[in-house]
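Take these sequences, add in the hints, and give me the full structure.
Residue numbers (this note's numbering), protein chains in the order written: chain A, 165 to 639; chain B, 2 to 136.
Take the hints with a grain of salt, since some may be wrong.
Claimed, not checked - The calculated lysine-lysine pairs, modelled on PhoX-like cross-linking and capped at a C-alpha distance of 25 Å, are: (1) K125(B) - K510(A); (2) K248(A) - K264(A); (3) K427(A) - K11(B); (4) K306(A) - K350(A); (5) K248(A) - K269(A); (6) K11(B) - K597(A).
These are calculated hints, taken from the structure and not from any lab test.
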Amino acid sequence: MDDLGEQLSEGHKDDYDNGIGSVPGGSGSNGKGKSQRTSFNDFVRKLFLILESEEYTSIISWSPDGKNFIVLDTNKFTTDILPKHFKHSNFASFVRQLNKYDFHKVKRKKNEVSEGIQNAWEFNHQYFRRHDEAGLDNIRRKPSSQKKILVDENSVIVRKLGGAPGDDGAFIAGDEEGMTAKMLLKNTVNKTKFNQLKRKVEDMENQVQYLTNENHNMKLDLQKIQSKYNMALESLLSTESFNSQLISNFQILVDALSQQGLKVPVGLSFEKGNSRADNKSHQQRQISDSTGSTPNANIPGLSVNTTLQKQEPIELLPMDQHPVLRPGFHVLLVEDDSVCIQLCSKFLRKYGCSVEVVTDGLSAISTLEKQRFDLVLMDIVMPNLDGATATSIVRSFDNETPIIAMTGNIDDQDLVTYLQHGMNDILAKPFTKDDLHSMLIRYLKDRIPLSEQRQNSNNDPKAYVEEPMLKKPHI
Amino acid sequence: MSQTPRIPDKVINWDILNEIVSMDEDDAGFSQSLLIQFFEQATSTFNQIEQHIKTDKNLDQLGQLGHFLKGSSASLGLQRIAWVCERIQNYGQKREGSGITDDNYIQLIQNSLDLARKEFDSAKSELGQYYKTQF
Chain A
165 MDDLGEQLSE GHKDDYDNGI GSVPGGSGSN GKGKSQRTSF NDFVRKLFLI
215 LESEEYTSII SWSPDGKNFI VLDTNKFTTD ILPKHFKHSN FASFVRQLNK
265 YDFHKVKRKK NEVSEGIQNA WEFNHQYFRR HDEAGLDNIR RKPSSQKKIL
315 VDENSVIVRK LGGAPGDDGA FIAGDEEGMT AKMLLKNTVN KTKFNQLKRK
365 VEDMENQVQY LTNENHNMKL DLQKIQSKYN MALESLLSTE SFNSQLISNF
415 QILVDALSQQ GLKVPVGLSF EKGNSRADNK SHQQRQISDS TGSTPNANIP
465 GLSVNTTLQK QEPIELLPMD QHPVLRPGFH VLLVEDDSVC IQLCSKFLRK
515 YGCSVEVVTD GLSAISTLEK QRFDLVLMDI VMPNLDGATA TSIVRSFDNE
565 TPIIAMTGNI DDQDLVTYLQ HGMNDILAKP FTKDDLHSML IRYLKDRIPL
615 SEQRQNSNND PKAYVEEPML KKPHI
Chain B
2 MSQTPRIPDK VINWDILNEI VSMDEDDAGF SQSLLIQFFE QATSTFNQIE
52 QHIKTDKNLD QLGQLGHFLK GSSASLGLQR IAWVCERIQN YGQKREGSGI
102 TDDNYIQLIQ NSLDLARKEF DSAKSELGQY YKTQF
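Here's what the structure looks like:
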């Protein structure tokens, strides 16, 4: 029967209509008078009367032996009988009510069922018999319906207190009352369990407290990060405006130079197009300024400077105050043309550098992975891998070594590309000995060759010289 | 190198070559060996250009060969050869405008190659006089 109840479950809205509330009416014992009896199983009595009257035998009737009753036509029962005699709105609700009074559905095997009543519902209760009105007194709602009573500590106490005066006064403890009390006691929580739960709750409260604190801290951190971000953004913006100022100043300078008859290379442009490259060199400038190196070596738009120096080497060189290049710098020459290799390495050796030559971009990368160099001179157009791409790969593991592009292609778009790939400068081909020298001065002046640094650092760690101008942020 | 509209007047830019010649002080015969090396390189590059013109007409390859020889000739001060090589490079990259067909570009490169060989010969003879030798 339980499974039936579940199958038809639809909520407990039918509790109201059984004539007794979930709280027992304080009666139920035999011989209390008819009015009292009807108050606790009115539902069953109504059903009994309908069956006895044989008014609806085509819908509901006793079984032939009178021990069960059968609902022959559930549809008609729902439409004709339920609204008239009961408060149930549907058949399922009616069945649930029966269930609560401990009626059982009788299951018949198929062959036992006579034709026409396959869909009939047959119910049985041991005290519900044809013509046996007295038996009805033994039918009552199952105590399980008492689950409805809220079982928490407070209600238990209330019921206990309520039960006490009942002993000597208005309350007569009947069977039902006793069962209820047992039920309630069964549902109470013992002290150990209570303490366990209490501890659990306390733990959880602590955890909540901890999480709240953590959340608070994180919010604070977030605020800090946000303010830092804002500061960074501001400084970036001011850098940009400073940068554009520099560009316009530079433009003026170039104009002035060309007015004085100096040939300025065609296609020099410092408009928005190469602002990224400018930005880079600008950042480089700021950083190297802060580390105290001479700004001379870090003028933005380096290629222009190169060309100017080439044209007016005598005027510009004295400004370097007789720069001295230490001997012993180790230079990697990346070049595929044998004539250029010989020429360039000749010049480099003349300036006291040792030279290692590789002839394509891939070898350049693998060589730089194994060994550090003071400077790299890199051709652009080469087999296997071009110099710009090779540089951008080298920059993924080496952000310090200066890499100078050697190229005959000096369109301004190309120049921007080279700088964006992480090349520090451009040495336009064909270059003279002096062009090369000023490039070496720009990047190696004030520096100690790596080989010498290694020797020194073995003896005295303090002698290690940082390379200020090479800490170029790579974007 | 910005594009020079006209071919330079002089075969050799002596400002550049003199610098290389000055290296001979430490290393006798340096400049001469470099020039010999260049002549070999140029001859083989010309032949490669010729091959591409005759066979696959690969403009990309032709442009790269032009670029390659431009670099070494310019670094030695052989400026007229360098100028012609730059033309070949530009034709290979189809930089003369969209109205020109690939076949036209091949023809232009062929013309430039002929010019380059002429310039090559005049450079050889001028340098031969300077070094008092036969290259």
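### Query
Which numbered conditions among the earlier hints are violated in the structure presented, ordered from lowest to highest?
none
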